[in-house]
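J.: Produce the complete structure using the sequences and hints provided.
Here the sequence shown is numbered in the UniProt record's numbering, starting from 1 and rising by one per residue.
Keep in mind the hints are simulated off the structure, nothing from the lab.
You can take every hint at face value.
With beta-carbon atoms standing in for the labels, derived distance ranges:
(1) R79 <-> P318: 52 to 60 Å
(2) R149 <-> C89: 20 to 28 Å
(3) G37 <-> P267: 42 to 50 Å
(4) Q199 <-> D41: 38 to 46 Å
(5) D188 <-> S345: 46 to 54 Å
All values derive from a computational prediction rather than experimental measurement.
Glycine included, each C-beta is placed from N, C-alpha and C at the ideal position.
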Amino acid sequence: MTNLSELTTLRVGGPAVETITATTRDELVSAVASVWGFGEDPLILGGGSNVLVADEGYDGTLIRVASRGIEVLASENGRVLLRVQAGECWDDLVAFAVERGLAGIEALSGIPGSCGASPIQNIGAYGQELSACLVAVELLDREHGDLVRVPAAELGLGYRTSVLKRHGGHAPERNGVVVSIDVELTDDAGLSAPIGYAQLASALGVEMGARLPIADVRRTVLDLRRSKGMVVDPSDPDTSSAGSFFTNPIVSESFARSLPADAPRWPMGDEHEDAVVIPLGEWTGDVPPPSFEHGARVKLSAAWLIERAGITRGFRLPGSRAGISTKHTLALTNTGGSTADEIASLARYVQMRVAAEFGVVLQPEPVYVNLDF
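T.: Here's what the structure looks like:
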């Protein structure tokens, strides 16, 4: 039996009853369909970078997605359409694009995980999101058992969300397995997309909106991520994590005004899932799914909320081997020999402290497997 602690970046998780490794598109489709045929839902695992698996493991079939391949489907008028197999490493796709001077995902350099997982939570960083270049996904649909091409517009892509994502243990709106993704990038003499994130612009020494050689942007993004322990490195224990463990909460404009003046905040428009906001002192520990409401919305900094709730870099609960990263308070790390329960307990403690201090319930990004949210 395969121990999931060997396959996840958090380095925790017990065994699966059976493991199937799918190295091609056809093998992936066949493996998933076969397991579905027995009335079972398999655990689908790509890079293992966004999952927290219980110490007891998974009482079922694990399907490892290892299908590789990047195909140029079309190229015209400065636009290049790529089809990428689900098991392709996301950062290998970024490197492929940068080497060919294709812009649109260079700020997403260094994000761990597979391409098939990327649309599930609409990955994003440093002013770019997958939704800006994703054209469609090839989905093996659970309800009908067939392959369908789903346009990006039908995926409900939002801030770290889609109709394919399991929210805090709640079933996705659309159940299926991503087999491949289609992305459209820009070919403009090797120039990047306009820089859209202040920290990245500062690191590059340019104004917001500037365009630079794509390779320069990728190199700077990788340097920024490494400084935060956000690029997987076996020699750096801070990278034994799931990256940012909590999403930045999105709240109403009126609630944001109630926070201290120095709380970072960014306007988000009027169509986003709201974070759970509760009256101070009334949280029972239950976390309902976020609500979807209209009206002006503001994104807050989860890192700022955590730090202002008194949780510092390197923090650990007494006797625990799970800790807050020494480089970034948004990352929960396995400092060596941690259990999944220890990481989950630390996550709940962080959640509790922020809820008690500010009335905001932080939502974890990783998928929990056989663990209570």
